[in-house]
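Read in order, the letters of the sequence shown are residues 64 to 324 in our numbering.
Worth flagging that the hints you see were computed from the coordinates, not collected in a lab. Virtual Cβ for every residue (Gly too), placed ideally from N, Cα, C. The hints are all genuine.
DSS-like mimics (lysine-lysine), calculated; alpha carbons at most 27 Å apart, straight line:
no., residue 1, residue 2
1, Lys70, Lys187
2, Lys187, Lys80
3, Lys321, Lys293
4, Lys97, Lys321
5, Lys288, Lys127
6, Lys288, Lys73
Per label pair, the in silico range of CB-to-CB distance:
no., residue 1, residue 2, range
7, Ala259, Lys97, 34 to 40 Å
8, Pro112, Val230, 26 to 32 Å
9, Asn266, Asp84, 40 to 46 Å
10, Arg90, Gly156, 20 to 26 Å
11, Asp125, Leu85, 18 to 24 Å
12, Ala297, Asp94, 24 to 30 Å
13, Gly145, Ala275, 32 to 38 Å
14, Ala146, Asp84, 20 to 26 Å
15, Val230, Lys127, 22 to 28 Å
16, Ala146, Arg271, 27 to 33 Å
17, Ser229, Ser87, 40 to 46 Å
18, Thr153, His82, 21 to 27 Å
19, Leu207, Glu121, 41 to 47 Å
20, Lys294, Ser86, 32 to 38 Å
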Amino acid sequence: MTATQNKRRKLVVGNWKMHGDLSSNQRLLADIVKGLSEFNRADYVICPPTPYLFQARELLGDSKIAWGGQNVNQFEKGAFTGAVAAHMLTDLGCTYVLLGHSERRVLFHETNLTAAARFDASIKAGLTPILCVGETLAEHDAGLTEVIVASQMDAVMATLSDENFSVAMQVNMVFAYEPVWAVGTGKTATPEQAQAVHEFIRNRIARRNSEAADHVRIIYGGSIKANNAKKLFAMPDVDGGLIGGASLSAEEFIAICKAAN
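Let's have the full structure, built from the sequences with the hints guiding it.
What follows is the structure in structure tokens.
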């Protein structure tokens with residue numbers, strides 16, 4: 064897939080999780096905008112906590128960096144205290160949204176079915192969904208990686224009609240492989256391990272649509288740092304990274320983005 068990979072621009076997404084405040088955000092975003100000004104061969108996204116999306120729009124609006132939500136509700140409106148609808152994200156200029164993150168699944172009991180519903184709502188709103196899939200340490204050690212990843216993917220794919228699948232392609236849907244055993248633990252899959260799962264994901268997509276499989280970006284989300292990004296991004300089916308803690312350091316995040324170039 065080397066030739067096709069060259070057509071897939073790398074994508075680096077910073078997931079700030081529940082971190083930040085107005086003053087530190089301003090410094091961090093200013094440093095990132097300045098630091099990425101010369102790197103034009105990849106795409107970049109920042110996903111701050113929801114209260115700071117307005118600030119992200121103000122500070123990133125004139126840059127090459129996009130911004131997105133960390134989650135979205137599947138309903139357009141209603142009595143859902145604390146929830147955020149897709150149109151609310153687009154009102155704030157968001158073009159991306161994270162879905163099915165392992166922390167949402169574990170801590171907030173979100174499921175494959177709710178991830179699928181959020182995916183559907185996102186593409187209908189014109190957002191690019193970044194669907195997170197991945198296995199726990201116990202599942203990894205039991206050799207169930209492909210079973211778990213397939214079940215998480217299939218829950219979404221099964222709910223998409225051919226028309227909606229075409230829409231998902233139009234908004235450039237993204238898959239993020241985040242081995243739960245390597246998130247926040249300091250452990251990282253080897254480049255070869257990451258490549259094997261990314262190839263599996265691409266082949267799974269190809270069962271539905273071979274053209275989509277060639278063009279969908281699959282990014283890696285397991286403790287990427289500046290010192291391992293280049294080797295991970297060199298893998299033919301690793302199209303970038305979903306960056307957690309390292310995205311809170313301008314120096315580290317910029318170095319990772321540089322590796323994506």
